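Engineer: If you read the protein sequences in the order shown, they are chains A and B. Sequential numbering of the first sequence, starting at 1, is according to the numbering used here. Sequential numbering of the second sequence, starting at 682, is according to the numbering used here.
Hints are supplied without guarantee of correctness; some may be wrong.
[What the hints assert, rightly or not] Ranges between beta-carbon positions, derived for each pair:
#, chain 1, residue 1, chain 2, residue 2, range
1, A, F573, B, S690, 30 to 38 Å
2, A, F573, B, F714, 18 to 26 Å
3, B, L830, A, F583, 46 to 54 Å
4, A, H57, B, S690, 51 to 59 Å
5, B, A723, A, A352, 53 to 61 Å
6, A, I64, B, F714, 44 to 52 Å
7, A, E232, B, L725, 48 to 56 Å
8, B, F714, A, S551, 41 to 49 Å
9, B, G781, A, A669, 49 to 57 Å
10, B, Q905, A, A669, 38 to 46 Å
11, B, G781, A, F583, 48 to 56 Å
12, A, A571, B, S690, 39 to 47 Å
13, A, L261, B, L725, 37 to 45 Å
[To be verified] Only some residues are given here: those of chain A computed to face chain B with a beta carbon under 8 Å:
#, residue
14, F6
15, I582
16, L586
If you are wondering where the hints come from, they were derived from the structure by calculation, not from laboratory data. In this text, all values refer to a predicted model and were calculated from it rather than measured experimentally. Ideal Cβ positions, reconstructed from N, Cα and C, are used throughout, including at glycine.
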Amino acid sequence: MFNKGFPQDKQVTYAGMLWLLAAQLVVMAPLAFYLPVWILPVLLFSAAWRIRVMKGHLEQPRIIIKLFVAVLGIAALSISGLKLISLDMMASLLMLGFAYKTLEVIQRRDAMVVLLTGFLLIGVSFLYSQSILSALYGIFALIVLAGTMIAIQQSKSHSILATLRSASLMVLLCLPLMLVFFIFSPRFSPLWTIPLEASQGKTGISDSMTPGDIAKLSKSDELAFTVTFEGELPKQNELYWRGLVLQYFDGKTWTPFSNKLEFNDIKRQLKISRSELRKRLVKKGYGKKYEVIYEKTAQPWLFALSPVVDIRGNAFFTTDFRIIAERNILEPMMMTVVSYPETLRDVILPDATRQLALQLPPEGNNKSRKLAKELLKQSSSKQEYINTILNRYTQQDFYYTLRPPVLGERDTIDKFLFKSKKGFCAHYAGSFVFMMRAAGIPARIVTGYQGGTLNEKGKFLSIRQYDAHAWTEVWLENQGWIRIDPTASVAPDRVEKNLEAAVEKEGSFLEGKVFSMAKYKWLNSLKNKLDSTQYAWRRFVLSYDNETQKSLLKRLFGEITVHKIATVVGAFFVVIILFWSIFLGLGRKSAKEAQEHQIYRRFCALLAKHGVNREPSQTPQTFSQYASKQLPQLAGDINSFSQLYSELCYNPEKQSNSRENNSLKNIKALKILFKTIKKKL
Amino acid sequence: MSSKQYRQSLREKWLAERFPNTKEITLGLKRIFVMPTMTSAALLLALFVLLLMAINFQSSLIYGLAFWLLALIIISVFFTYRNLSEVTVRAIQASSCFAGEKAVFELEISCPEGQKKSAISVGWKFQDFTTIDLLNKNSVSIKLSHETLKRGIFKPKRVSIFTTFPIGLVVAWSYASLEMQSIVYPTPLLQESSEDGLSLAEDAEQGKEIIRGSTDFSGVRQYQVGDSPKHIHWPSYAKTGEAYTKTFVDYANQDLWLEWDSLALKGIETKLSHLCAKVLQYHQDHQIYGLKIPGKTIQPSSGEAHKTICLTALALYGIS
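Full structure from sequences and hints, please.
Structural biologist: If you want it as structure tokens, here you go:
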């Protein structure tokens, strides 16, 4: 290594230590929201100890103490309730090490270890939050870390502001190059699957439905996904974002299958190719093309208008006309989807599907079963039976509420239909499917979202958790699966407008959420603006992956070839490096020497030719004396030349009252003197 | 010649061409080398971990962070280069020393006005180096020492100038091959057993008058401005009305000669070392001494300048 042979003092200075501590706090602060918060005091404790050691108040802790403290920390982590092999645990361990390392930062090298861990921790914090604010905070943390790198390089302490300024300059100048890397570098698919984490837990609609789940969602205004339609927006009551199909009922809970399946099993059972899908569809009506950005849910479910006939993105088609992502969504993911909402699905119903769609628990809810049989007898057709059931919801005093009474464990359908008659979508959908199946009509529950809020500014629909909804599908001869939403009969507002309108009287919209912006109408314009900024953030930054990269590059540069991309990237590099060079003043010629110095230098060179060398230590005066002795015939000229030069250099005050003109005159005189000396030699 | 030696000589030749001997040198594009440091390697490792995280979690922000760090490594090349560019190194002077001691060289490090340079290290590998800042002033003069092994003229190797400022990811370095030389005197080493190489001059018996001494009265002369009033010869003044000044002489009863030929020592270097020690001894005792070595005779005298002349003669003995 180059530094060998130059034994620099590599200890971290006091100022450097303070910088390091500040950087650690900045890096750890956002993680304290998600991970055990007691790691922060550990950091402060280690830092305080180290600083007292530096000031000479304390001794450097001995190994046994360090070991004890480390064991204590790990013990504390193990009882803090984190799963042993999980991201949280890894991140917490990293944080703990990060905090402890402060205790033994003596050399610059130790400080570098801490700083590099700091960079990793910024990355870890992005796993927990990906908002614009988090990103901006990340940049701030990056600047502080870079500032610390500068501070530990400095031998003397400099002003904090100056260091921070140069760190910001450095980090921000990186931006263009970083963008080039970001846009053009190839993206890879995950190398191995990552276990799911509790803290980045699953959100959104779950894969089962017990009345109550959706009520919980209705209390959240978190974003589920955003949609931008190409062309006209469908009507509000047509916006059924289909996500999950629940076929199995155990008397209380609706689930997709009779038992819980791993993702790979689900995929094996449901996945079909596009051509197989086409065979099960009778294409009708118009197509709708739209772009969806799904938010992080840690689940693979995707929501779209049914049936989807085309997708661009990492997802597959299923036998129940859904689309499912190839892996859990851990990062906003963008997809372009084409749906044909009027298309007929499964006009010929496969037997297996029919069986699933007719399943009921062997016993329970006997009142409802009896009613179903009676009503079916009175109906002339299945369609009539369906209408009877739906009318029953409107005619009897069924009531749409987000605060339904508890129905207990058994005979929940009976209790709802005959007793409480109060509930929301899950109750209506559940009881409706039960009544269908009891009458031998294939039916199933579909969960997803309904509706969405249009952002006038960005022309996109935001679908939030409170838009979560459950409805049903019934299979009819020649029509295939048709969508029926029993809730619409009870509370038309829920479907025509939104949940807020449906429960306006009750006032249960976003209950328990005091500070939700969605509750305050007057904040709407600000909210719209914020939403559209966030939309752009997700659309262009967070969801930037292999697919979006391809389409962006195609749009910018046409057909993609390696040659073309290499040329473009090379050109960007050249431009950026030129920009840096100019900005940093590297291209500039060295400052021009003042004229008098130039003449004097020529004078010295001239005398050197004649054997009179000027030592660097000689002032112009001593040199003139020396030169006069060596060249007595020129003594007078040399003297007056040197005097004039000294005056020009060292007596600027003398000239300042006689102004610039005079100094020009003097330089001219100096030139003339130089020429005479040259001639005489 | 082995290939390693050959490579070494090629490198030497290349460096010598690029860094000609000069009194001063200004570092620019052609002379500054840049290399990533071990810190960069460590950062690349962290970056690799970040990329793995980005790939596995499909996180755009972590991709961004990793690329940002990559850009930081690249831009630090420019910043570190800037910290060294346009720095001027100038030789000021070199001090003499005895062989085995350290010669001290004075250099001036400067940069154009309005620029700021931090943490620039200047020095010789395994010898001496110092780290300077040019923040509020444009030039700084530093003293560097370099050990010497043998007497003669010592020309130090190229001075290394390097910096890892601002963030230590990259080291920029250059060399300055400065026209500087230090005269290295022989190591003073008194040989007790020997004849001390000393002979008394023939006129030693009478002693030699040192004019303008102060001990013995030798006569009077016309008063000159600047003569001490204490030395005015008042009797002459009374007689003639003009002032006369008394003159005095000192008698150096022995003029000391340090002679090469009368030394009963073997070996040139031993002799030189011995003579060197003697010169120092006489100088310390305020003696008057002369030096005779083959090819050079220095008339007896005393004082700092005389000592330097003698020591230089000893240092350069046999060296053209």
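Engineer: Mind checking the hinted window 38 to 46 Å against the Cβ distance between Q905(B) and A669(A)?
Structural biologist: holds, 42 Å
Engineer: Taking the least C-beta to C-beta distance, is F6(A) closer than 8 Å to chain B?
Structural biologist: It holds, given that the least Cβ distance between F6(A) and chain B is near 5 Å, below 8 Å.
Engineer: Cβ-Cβ distance between G781(B) and F583(A): within 48 to 56 Å?
Structural biologist: With Cβ atoms ~52 Å apart, the hint holds.
Engineer: Evaluate the given range 51 to 59 Å for the C-beta pair formed by H57(A) and S690(B).
Structural biologist: holds, 57 Å
Engineer: Holds or violated: the 49 to 57 Å window for the beta-carbon distance between G781(B) and A669(A)?
Structural biologist: Given about 54 Å between the Cβ atoms, the range holds.
Engineer: Would the hint on I582(A) be counted as holding, given a Cβ-Cβ threshold of 8 Å to chain B?
Structural biologist: violated, 11 Å
Engineer: Range first: 46 to 54 Å. Now tell me if the beta carbons of L830(B) and F583(A) are that far apart.
Structural biologist: holds, 49 Å
Engineer: For the pair F573(A) and F714(B), does the Cβ-Cβ distance stay inside 18 to 26 Å?
Structural biologist: holds, 21 Å
Engineer: Okay, E232(A) versus L725(B) on CB: inside 48 to 56 Å?
Structural biologist: About 51 Å separates the Cβ atoms of E232(A) and L725(B), which means 48 to 56 Å holds.
Engineer: Quick check: does the Cβ-Cβ distance between A723(B) and A352(A) fall within 53 to 61 Å?
Structural biologist: holds, 58 Å
Engineer: Does the Cβ-Cβ separation between A571(A) and S690(B) fall within 39 to 47 Å?
Structural biologist: holds, 42 Å
Engineer: Assuming the hint says 37 to 45 Å, is it satisfied by the Cβ distance from L261(A) to L725(B) or not?
Structural biologist: Holds - the Cβ-Cβ distance for L261(A) and L725(B), about 43 Å, lies within 37 to 45 Å.
In terms of the numbered hints stated before, the structure departs from hint 15 and from no other.
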